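Asks: Residue numbers (numbering that gives the first Met the number 0), protein chains in the order written: chain A, 0 to 219; chain B, 0 to 247; chain C, 0 to 285.
Rather than coming from a laboratory, the hints here were simulated on the basis of the structure.
None of these values were measured; they are calculated from a predicted model.
Backbone N, C-alpha and C define an ideal beta-carbon position, used for all residues, glycine too.
Treat the hints with care, since some could be wrong.
[As the list claims (entries may be wrong)] Simulated pairs of lysine-lysine, DSS-like, Cα-Cα distance not exceeding 25 Å:
{"no.": "1", "chain 1": "A", "residue 1": "Lys10", "chain 2": "C", "residue 2": "Lys276"}
{"no.": "2", "chain 1": "B", "residue 1": "Lys135", "chain 2": "B", "residue 2": "Lys116"}
{"no.": "3", "chain 1": "B", "residue 1": "Lys135", "chain 2": "B", "residue 2": "Lys179"}
{"no.": "4", "chain 1": "C", "residue 1": "Lys200", "chain 2": "C", "residue 2": "Lys236"}
{"no.": "5", "chain 1": "C", "residue 1": "Lys159", "chain 2": "C", "residue 2": "Lys181"}
{"no.": "6", "chain 1": "C", "residue 1": "Lys80", "chain 2": "C", "residue 2": "Lys246"}
{"no.": "7", "chain 1": "C", "residue 1": "Lys114", "chain 2": "C", "residue 2": "Lys200"}
{"no.": "8", "chain 1": "C", "residue 1": "Lys246", "chain 2": "C", "residue 2": "Lys273"}
{"no.": "9", "chain 1": "A", "residue 1": "Lys209", "chain 2": "B", "residue 2": "Lys142"}
{"no.": "10", "chain 1": "A", "residue 1": "Lys144", "chain 2": "B", "residue 2": "Lys99"}
{"no.": "11", "chain 1": "A", "residue 1": "Lys159", "chain 2": "A", "residue 2": "Lys209"}
{"no.": "12", "chain 1": "C", "residue 1": "Lys75", "chain 2": "C", "residue 2": "Lys200"}
{"no.": "13", "chain 1": "A", "residue 1": "Lys10", "chain 2": "C", "residue 2": "Lys103"}
{"no.": "14", "chain 1": "C", "residue 1": "Lys181", "chain 2": "C", "residue 2": "Lys200"}
{"no.": "15", "chain 1": "C", "residue 1": "Lys276", "chain 2": "A", "residue 2": "Lys80"}
{"no.": "16", "chain 1": "A", "residue 1": "Lys144", "chain 2": "B", "residue 2": "Lys142"}
{"no.": "17", "chain 1": "C", "residue 1": "Lys273", "chain 2": "A", "residue 2": "Lys10"}
{"no.": "18", "chain 1": "C", "residue 1": "Lys236", "chain 2": "C", "residue 2": "Lys246"}
{"no.": "19", "chain 1": "C", "residue 1": "Lys159", "chain 2": "A", "residue 2": "Lys80"}
{"no.": "20", "chain 1": "B", "residue 1": "Lys179", "chain 2": "B", "residue 2": "Lys206"}
{"no.": "21", "chain 1": "B", "residue 1": "Lys75", "chain 2": "B", "residue 2": "Lys99"}
{"no.": "22", "chain 1": "C", "residue 1": "Lys276", "chain 2": "C", "residue 2": "Lys60"}
{"no.": "23", "chain 1": "B", "residue 1": "Lys112", "chain 2": "B", "residue 2": "Lys99"}
{"no.": "24", "chain 1": "C", "residue 1": "Lys273", "chain 2": "C", "residue 2": "Lys236"}
[Said to hold, decoys possible] Examples of chain C residues lying across from chain A (beta carbon under 8 Å, computed):
{"no.": "25", "residue": "Phe55"}
{"no.": "26", "residue": "Pro89"}
{"no.": "27", "residue": "Leu90"}
{"no.": "28", "residue": "Met194"}
{"no.": "29", "residue": "Ala217"}
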Amino acid sequence: MLQIIASIWQKYGYVYIQGAWGTIYIAVLTVLIGTLLGTLLAFLRLTRSRILQAVIRLYVWILRGTPALLQIYFFYFFVPKYLPFEMSERACIMMALVVNASAYVEEIIRAGIQAVDRGQTEAARSLGMTARHTMTHIILPQAIKNILPALGNEFIVMIKEASLASIFFIVEITSAFKTVQSATFITIPALVISGGLYLLLTTVLSFFMKLAERRLQVND
Amino acid sequence: MIDRTKELIVVKDLYKSYGKLQVLRGIDQTIFEGEVVSIIGASGSGKSTFLRCLNLLEVPDSGSIVFDGQEITGKKVNIDAYRQRIGMVFQHFNVFPHLKVIDNITVTPCLEKKMDKAKAVSLAEDLLRRVGLYDKRDEYPTKLSGGQKQRLAIVRALAMEPQVILFDEPTSALDPEMVKEVLDVIGELARSGMTILIVTHEMGFAKKVSDRVLFIDEGQIVEQGTPEEVFENTQTERCRDFLNKVLY
Amino acid sequence: MKKTIAMILAAALVLGLLAGCGQNGNETKAANRLDEILERGYITVATEPYFAPQEFIDPSKEGDAQYVGSDIELAKLIAEKLGVECRIVPLDFTTVLSSVTEGKYDLAISALAYKPDRAENMNLSDAYYTGDDDDDNSYGFAMAEGLVGTVTDISELADKVVVVQQGSLQQFLWEQSGATCKELKYVSSTNDAFMMVSEGKADAVITATAFARLYIEANAGCGIVMCEEYRFDVDDKYTGMVIGMQKGEDELLARINEIIAEVVASGVYAEWVKEYKAYAAELGLA
Numbered sequence: 000m001l002q003i004i005a006s007i008w009q010k011y012g013y014v015y016i017q018g019a020w021g022t023i024y025i026a027v028l029t030v031l032i033g034t035l036l037g038t039l040l041a042f043l044r045l046t047r048s049r050i051l052q053a054v055i056r057l058y059v060w061i062l063r064g065t066p067a068l069l070q071i072y073f074f075y076f077f078v079p080k081y082l083p084f085e086m087s088e089r090a091c092i093m094m095a096l097v098v099n100a101s102a103y104v105e106e107i108i109r110a111g112i113q114a115v116d117r118g119q120t121e122a123a124r125s126l127g128m129t130a131r132h133t134m135t136h137i138i139l140p141q142a143i144k145n146i147l148p149a150l151g152n153e154f155i156v157m158i159k160e161a162s163l164a165s166i167f168f169i170v171e172i173t174s175a176f177k178t179v180q181s182a183t184f185i186t187i188p189a190l191v192i193s194g195g196l197y198l199l200l201t202t203v204l205s206f207f208m209k210l211a212e213r214r215l216q217v218n219d
Numbered sequence: 000m001i002d003r004t005k006e007l008i009v010v011k012d013l014y015k016s017y018g019k020l021q022v023l024r025g026i027d028q029t030i031f032e033g034e035v036v037s038i039i040g041a042s043g044s045g046k047s048t049f050l051r052c053l054n055l056l057e058v059p060d061s062g063s064i065v066f067d068g069q070e071i072t073g074k075k076v077n078i079d080a081y082r083q084r085i086g087m088v089f090q091h092f093n094v095f096p097h098l099k100v101i102d103n104i105t106v107t108p109c110l111e112k113k114m115d116k117a118k119a120v121s122l123a124e125d126l127l128r129r130v131g132l133y134d135k136r137d138e139y140p141t142k143l144s145g146g147q148k149q150r151l152a153i154v155r156a157l158a159m160e161p162q163v164i165l166f167d168e169p170t171s172a173l174d175p176e177m178v179k180e181v182l183d184v185i186g187e188l189a190r191s192g193m194t195i196l197i198v199t200h201e202m203g204f205a206k207k208v209s210d211r212v213l214f215i216d217e218g219q220i221v222e223q224g225t226p227e228e229v230f231e232n233t234q235t236e237r238c239r240d241f242l243n244k245v246l247y
Numbered sequence: 000m001k002k003t004i005a006m007i008l009a010a011a012l013v014l015g016l017l018a019g020c021g022q023n024g025n026e027t028k029a030a031n032r033l034d035e036i037l038e039r040g041y042i043t044v045a046t047e048p049y050f051a052p053q054e055f056i057d058p059s060k061e062g063d064a065q066y067v068g069s070d071i072e073l074a075k076l077i078a079e080k081l082g083v084e085c086r087i088v089p090l091d092f093t094t095v096l097s098s099v100t101e102g103k104y105d106l107a108i109s110a111l112a113y114k115p116d117r118a119e120n121m122n123l124s125d126a127y128y129t130g131d132d133d134d135d136n137s138y139g140f141a142m143a144e145g146l147v148g149t150v151t152d153i154s155e156l157a158d159k160v161v162v163v164q165q166g167s168l169q170q171f172l173w174e175q176s177g178a179t180c181k182e183l184k185y186v187s188s189t190n191d192a193f194m195m196v197s198e199g200k201a202d203a204v205i206t207a208t209a210f211a212r213l214y215i216e217a218n219a220g221c222g223i224v225m226c227e228e229y230r231f232d233v234d235d236k237y238t239g240m241v242i243g244m245q246k247g248e249d250e251l252l253a254r255i256n257e258i259i260a261e262v263v264a265s266g267v268y269a270e271w272v273k274e275y276k277a278y279a280a281e282l283g284l285a
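Let the sequences and hints guide you as you build the complete structure.
Replies: As structure tokens, this is what we get:
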């Protein structure tokens with residue numbers, strides 16, 4: 000087995016490396032834009048507008064309640080028909096992943112904020128702090144502690160979910176596996192290399208997330 | 000100069016219910032500047048709810064609250080401005096765990112009163128010295144005991160220079176050996192002329208420090224008067240029953 | 000109550016937006032697809048690039064150039080004859096069929112065989128390749144090594160586990176033959192089917208002979224052997240590879256058939272097959 004893995008790597012190592020960069024690229028974009036969008040949604044949900052809250056609840060309900068794979072198919076086939084402008088297939092798939100991520104991020108942030116003890120808000124408001132200052136100076140700093148571990152987990156999920164893009168032949172670690180498999184007709188060793196790369200990426204990310212979490216615990 | 004004839008808080012006909020549960024059934028009360036008023040009663044009697052209505056943490060269903068001459072129950076009221084003048088200390092302290100002790104005190108004056116940071120720090124340090132917490136100034140609240148946290152909460156409220164401080168069962172969550180240190184601070188506050196409303200189970204304290212005592216039962220002020228009147232010459236049956244139960 | 004109303008309003012808003020946007024600017028201005036292709040200057044060809052020597056991937060190339068094979072050459076030729084650019088769209092097999100049926104892409108060139116249900120849903124062209132060597136274009140089954148000698152006919156698979164690619168001609172042939180098996184498994188790609196036999200998860204895989212030969216040759220020690228004693232009796236109609244396109248696009252069909260006639264006459268496809276067989280073999284590790 001190890002022999003075969005070495006031979007595969009020798010001949011097709013670059014395919015996997017390209018795939019790894021592809022996965023990283025997809026994951027980074029998904030994380031950055033998905034988190035931004037999710038945060039925006041979380042704050043919009045805190046406003047008084049009933050309509051806005053309902054729309055966002057609907058959005059989150061659908062995106063968290065259906066498989067990401069189905070959402071990708073939906074964005075690939077359905078969305079380009081109704082968009083007033085041209086969007087490349089690749090962009091459609093990225094959109095699907097970003098939108099999917101944003102729903103999970105929204106829930107994480109909302110839950111993180113709600114998990115902060117009510118007494119904190121009461122104390123801050125009793126002192127005469129405005130609602131906005133209460134959020135920015137008292138609630139959010141404490142919410143971040145709740146949010147970060149969950150967000151870190153979500154990032155790891157996003158790395159793995161990038162593999163769904165391989166269905167549409169986007170350059171990615173799983174696509175690399177399929178390409179190598181079809182060229183060499185060898186499956187398991189090719190698979191092991193892909194799995195190993197994912198493990199490497201997720202482990203490195205976990206490590207950095209733990210570092211970040213530890214830093215926040217300084218004052219606990 | 001404390002004007003003991005000035006009506007600081009005037010409450011008229013206060014009603015509050017949670018769904019079907021009627022918690023306050025028509026409360027009338029006037030608090031004068033400089034007074035120390037203790038509020039006693041059984042759990043669920045509405046005494047905490049009454050207190051929390053005074054700074055609008057709970058919004059009454061009907062009735063009026065006039066603070067220093069201004070009606071604060073209206074819709075267009077800038078409640079933040081009023082709350083700066085009404086301090087509150089909670090049963091569970093609610094100190095800000097992510098801020099150092101000194102910052103707990105300076106954060107609100109700096110943000111809302113636009114106080115100069117140096118001035119706020121100096122003010123805070125004086126307050127900390129006053130309650131014996133100066134050496135903890137750079138610690139985080141997790142390092143403090145319950146009694147220390149509550150003392151911090153008290154000076155945090157004082158930093159906003161309020162006209163009245165509301166205490167909601169400030170010692171109920173404390174280990175017995177720490178109750179006295181907090182009561183001492185409240186007592187000192189009272190002697191300095193601060194207007195105080197305190198919901199408490201500490202009858203001894205209520206007797207010693209209050210100017211007046213209110214007994215609330217089932218959402219109404221059933222009996223009120225000086226500590227002697229309420230504790231020694233109890234007028235009502237219900238109050239007598241309650242006192243029998245709590246005074247061992 | 001208020002919250003429910005708000006939710007319903009929100010849903011209505013979203014649905015309205017979706018419906019309202021409707022068919023904007025995506026209506027074809029041209030009368031038919033052929034004209035549209037000529038107008039826009041490129042043709043989209045959907046294919047599943049995991050089927051050597053017809054279509055497969057050379058990882059050392061970039062972009063569209065990585066897709067190689069005899070079908071790819073055909074696609075490039077068609078594009079050249081039409082005077083447009085050729086764009087290859089890689090997809091899994093069922094999506095190749097569904098996307099072309101729906102009209103999202105212009106042509107499906109993916110070693111497609113003629114099947115009655117396929118013909119109902121898509122326009123299928125004339126056959127562009129029927130195999131120079133009868134056996135090469137035949138269909139049969141490959142089985143686990145251990146069964147050599149004991150299994151010589153399809154009827155002997157009655158107590159075996161058989162695997163077949165979903166939606167393929169192979170599946171159709173199996174169903175038509177009336178043969179039975181202990182359990183029938185489906186996969187979306189032929190490679191997976193062969194894997195299953197290698198790993199002992201299935202005993203036999205219904206397959207095109209050409210593909211099986213390539214796989215077995217490249218994969219020494221896979222433990223699979225083509226059953227030489229049995230071949231499906233395939234109607235002439237089914238033996239050719241065809242090109243699929245959206246149903247009703249008859250102008251396009253006519254033009255494609257014209258080009259195919261030229262290709263068949265020149266015999267160039269068979270050469271491509273030989274060329275790419277060798278190419279594919281080089282990509283392996285052996």
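Asks: Taking the hints in turn, state whether each one holds.
Replies: Cross-check of the supplied hints:
1. A/Lys10 to C/Lys276: Given that 25 Å is the threshold and the Cα spacing comes to 19 Å, the pair holds.
2. B/Lys135 to B/Lys116: Distance of about 19 Å is within 25 Å: holds.
3. B/Lys135 to B/Lys179: holds (20 Å)
4. C/Lys200 to C/Lys236: violated (33 Å)
5. C/Lys159 to C/Lys181: holds (5 Å)
6. C/Lys80 to C/Lys246: The hint holds at about 22 Å.
7. C/Lys114 to C/Lys200: Answer violated: C/Lys114 to C/Lys200 is near 28 Å, above 25 Å.
8. C/Lys246 to C/Lys273: violated (32 Å)
9. A/Lys209 to B/Lys142: Holds: A/Lys209 and B/Lys142 sit about 24 Å apart, inside 25 Å.
10. A/Lys144 to B/Lys99: holds (17 Å)
11. A/Lys159 to A/Lys209: holds (19 Å)
12. C/Lys75 to C/Lys200: The given pair, whose Cα atoms are some 39 Å apart, is violated under the 25 Å limit.
13. A/Lys10 to C/Lys103: violated (36 Å)
14. C/Lys181 to C/Lys200: At roughly 13 Å apart (the allowed maximum being 25 Å), C/Lys200 and C/Lys181 satisfy the hint.
15. C/Lys276 to A/Lys80: violated (39 Å)
16. A/Lys144 to B/Lys142: holds (18 Å)
17. C/Lys273 to A/Lys10: holds (24 Å)
18. C/Lys236 to C/Lys246: holds (19 Å)
19. C/Lys159 to A/Lys80: violated (46 Å)
20. B/Lys179 to B/Lys206: Since the Cα atoms of B/Lys179 and B/Lys206 sit roughly 15 Å apart, the hinted pair holds (cutoff 25 Å).
21. B/Lys75 to B/Lys99: With a Cα-Cα distance of about 35 Å, the restraint between B/Lys75 and B/Lys99 is violated, given a limit of 25 Å.
22. C/Lys276 to C/Lys60: Between C/Lys276 and C/Lys60 the Cα gap is close to 18 Å, so the pair holds against 25 Å.
23. B/Lys112 to B/Lys99: Holds, at roughly 20 Å.
24. C/Lys273 to C/Lys236: Roughly 23 Å separates the two Cα atoms, so the pair holds.
25. Phe55: At 6 Å from the nearest chain A Cβ, C/Phe55 passes the 8 Å test, so the hint holds.
26. Pro89: holds (4 Å)
27. Leu90: holds (7 Å)
28. Met194: holds (5 Å)
29. Ala217: holds (4 Å)
Violated hints, in rising order: 4, 7, 8, 12, 13, 15, 19, 21; the structure is consistent with all others.
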